[in-house]
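Visitor: Those protein sequences? They're chains C and D, same order as listed.
For the first sequence, my numbering begins at 47 and goes up steadily by one.
For the second sequence, my numbering begins at 364 and goes up steadily by one.
Calculated directly from the structure, the hints in this document are not laboratory data.
Careful, some of the hints might be misleading.
[Claimed, not checked] Dumping the calculated SDA-like pairs for lysine to any residue here, alpha-carbon to alpha-carbon at most 20 angstroms: (1) C/Lys-279 - D/Glu-371; (2) D/Lys-432 - C/Leu-102; (3) D/Lys-366 - D/Pro-414.
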Amino acid sequence: MTRSDKRDLISIIVAALLLAVAVLLPFEDPWSSLAAHLVPYIVVGGKVVWKAVRQLFFGRVFDENLLMTIATVGAFLLGENVEAVAVMLFYSVGELFEHIAVGRSRRNIAALMDLRPDVARVVRDEVEVTVSPDEVKTGEVIVVRPGEKIPLDGKIIEGRSSVNTSALTGESLPRDIAEGDMAVSGTVNLSGVLKIRVESEFEQSTVARIIELVSGAASKKSRSEAFITRFSKYYTPAVVISALALALIPSVIVGDVSKWVSRGLVFLVVSCPCALVISVPLSFFSGIGRASRRGILIKGSGYLDGLSRIKTVVFDKTGTLTKGEFEVSGVEAENGIDRVELLSSAASAELYSNHPIARSIVRAAVDEIKKPSQVSEIPGLGIEAEIDGMTVLVGNDRLMREKNIDIKPSGKIGTPVYVARDGKYLGCITVSDSIKEEARGLVAALKKTSVQKTVMLTGDRAEIGEAVARELSVDEAVCALLPEGKVSAIEGFLIPHKISVAFVGDGINDAPVLTRADIGIAMGAMGSDAAIEAADVVLMDDNLAKIPEAISLSRRAMGIVKQNIVFAISVKLCVLALSAFGVTGMWLAIFADVGVAVLAILNAMRA
Amino acid sequence: MKKTFDMENLDCANCASKMETAISKIKGVESAGVNFILQRLTIEAPEEMFPKILKEAQKACRKVDVDCKIIY
C-alpha cells in the first residue's frame with residue numbers, strides 16, 4: 047500500500063466512525079442532522095467533490111467523480127443523509143481497492159523489469175571498469191562474479207559456472223555453462239567467475255528485448271478490450287440520459303418529485319462502468335504476468351485471447367519435436383560380426399570428421415576407438431580410412447556400390463550408414479534424429495485443452511516423418527517440404543476470419559511460418575533474436591510442456607474475462623431494472639457499482 | 364522518431380484509452396500509445412514537432428483527468 051492509499055484508508059475509517067456517531071445521535075432538527083452527516087461526507091468525499099469541480103472546468107462531462115457528487119448532493123437534498131455519506135464511503139472503498147490492485151500489477155511488471163542489469167564490469171586496458179551495460183561495445187570482454195546478473199549476451203572465454211535462468215525461463219534448475227558456451231543476459235551467475243566476450247550491444251541483447259516485449263504487451267489490444275471500450279462509450283451516456291428521463295418525465299406527469307429523483311440518482315450511481323473498464327485489462331495483464339513468470343512471453347492481450355481459441359497446433363519437426371541432433375538408433379551387424387566391433391570400426395574411421403552423423407557414431411562407440419593412419423573423405427559418399435593396416439569404408443549405399451560391395455539394405459527408419467572392411471561388408475548403422483522426451487505426452491496434453499488436431503511439418507522424407515508422427519500420435523504429417531513449402535502448408539489449415547491455428551517452431555528458419563500462422567509460438571528463444579521478433583508467443587526454453595500450459599493458462603484468463611463481463615453487465619442491468627420500478631434503493635445501487643467492481647478486480651487478479 | 368514518457372496519476376484504464384485516442388489526433392503525431400499499467404506514453408512524431416505536441420498532449424490528458432501529468 048502506498049502512502050496515499052494509507053491516507054485514503056484512514057479517512058475511510060474515520061468517516062465510517064463519524065457516520066456511525068451521526069446515525070446514533072438523536073437529532074430533532076434536520077439542519078443539525080445534515081451538519082453532523084456533512085462532517086464524515088467531507089472527510090471521505092472532499093477529494094471527490096473537489097476533483098469533480100476542477101474536472102468541470104476542463105470540460106469533461108461524464109466523469110465518475112461528478113456522477114458521485116451529483117448523486118450524493120441529490121441524496122442530501124432529499125434528506126437521505128445516511129445514504130449520501132454511505133455512497134461516498136463505499137465509492138471510496140472501491141477506489142481504494144482499485145488502486146491497490148492496480149499497484150500490485152504494476153509492481154509485478156516492475157519485478158519483471160528487474161531483469162535489467164545495472165552494471166557491467168568491462169575489461170579495458172587490463173583493468174576492470176564498472177560501466178552501464180549500454181556503454182559496452184561488441185567484442186569487449188566483461189567479467190561476471192558469482193551472484194551477479196549477466197549483463198550482456200556473449201561467448202564465455204574463460205571460467206565455468208552454473209547459471210540461474212529462472213527469471214527468463216521459470217526453470218528453477220541451474221544450468222551449467224563453461225568456456226565456449228553462450229552466456230545469456232538476464233540470467234544470474236551462481237558459482238564461478240566468468241569472462242565473456244560480448245557479442246551484441248545492450249539494446250539488441252536478450253534481456254533488453256524481453257523488457258521491451260513485456261512492456262509493450264499491454265498495447266496490443268484484444269477483442270474483449272475493444273468491446274469494453276465500445277460498450278462504455280454508449281453505456282455511460284445512455285444510463286445518464288435515462289437517469290435524467292426517469293427523474294424528470296414521471297415527476298412532470300404524475301408528480302411526487304422526490305421519489306423519481308431518488309430513482310434517477312440510483313441510476314447515476316449504477317452508471318459507472320468501472321467494474322468492466324478496470325477488470326478486463328487487469329485480467330489480461332494478470333494472465334500475461336503469470337505466463338511470463340513461467341517463461342512464456344505473450345506479446346499482447348490479443349494473443350492471449352488468440353491462444354485460448356487454438357484448435358489446430360502445427361509443429362515443425364526438426365529441433366522442435368526432435369532434438370535436431372543425430373543419434374545412433376540401430377546397429378545391424380552381419381553374421382559373425384560383433385556389434386561393438388562394427389561400431390568401433392566405424393567410429394575409428396570417422397574419428398576426425400566433423401559431420402554430425404560421424405560425431406553421433408563416435409559418441410555411440412563403447413569400445414576402443416583406434417586412430418586411423420590415413421583418412422580420405424569422399425564428398426557426398428562417405429569416408430575411406432586406413433586402420434591397423436586394414437581399409438575401412440563408412441558411407442552411404444552409393445559409396446558401397448562404387449566400391450563393388452554387396453550390402454543388405456537396412457529396414458530401419460533413419461539414415462543408414464554402411465560399413466565395410468577390406469572389401470567385406472560388416473553391417474549397417476542407422477542414425478536418426480532423436481525425439482525429445484517431453485514430446486511424448488504432448489499430444490495427449492494438448493487434446494485436454496481446446497486443441498482438436500495436431501499436425502507436423504517436415505522437410506524430411508515421408509517414411510521418417512511419418513514414423514515420428516506415429517510415435518508421437520500426431521494426427522497428420524506433411525513431409526518432404528521445402529522451406530518455402532511450409533508457408534503454403536500452413537495456409538491449408540487456416541480458417542478465414544477465425545483464429546484457430548498455432549505454429550510451433552524454433553524460429554531459426556521458420557520466421558515466415560511463425561508470422562503466417564494465427565499464433566506463432568517460438569521455442570528455445572533464449573538468445574535468438576529472430577524468434578523473439580517473429581513470434582507472438584515466445585517460450586524462453588525449449589520445453590514443449592509449456593505449450594499446453596500456455597493454452598490452458600490463456601483459457602483460464604479468458605474465462606475470467608468472460609465471467610467478469612457477464613457478471614458486471616448482468617448485475618448492473620438487474621439493478622437498473624429493479625430501481626426503475628422502485629424495488630431497490632440506494633444501497634443495492636452502491637453494491638452494483640462498488641461491490642461489483644471490487645469482486646471483478648479480485649476475480650481478475652486470479653487470472 | 365519515437366519517444367517514451369512517464370506519466371503521473373494515471374488512475375483509470377478507461378482514461379488511458381481516451382487519452383490515447385485524443386493524443387493520436389494531435390497534428391504531427393504518427394502514432395501514440397498510453398500504457399495504463401506502466402503509466403507510460405509513447406509518441407511517434409517528427410523530432411522538431413515534439414515540444415508542441417507534448418504541450419497539446421498534456422492538455423489532452425488534463426481534459427480527461429485533471430491530475431494526470433506527463434513528465435518531460
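Visitor: Each hint: holds or not?
Guide: Structure-based check of each hint:
1. C/Lys-279 - D/Glu-371: 25 angstroms, violated
2. D/Lys-432 - C/Leu-102: Given that 20 angstroms is the threshold and the Cα spacing comes to 18 angstroms, the pair holds.
3. D/Lys-366 - D/Pro-414: With a Cα-Cα distance of about 12 angstroms, the restraint between D/Lys-366 and D/Pro-414 holds, given a limit of 20 angstroms.
The structure does not agree with numbered hint 1 stated previously, though it agrees with all others.
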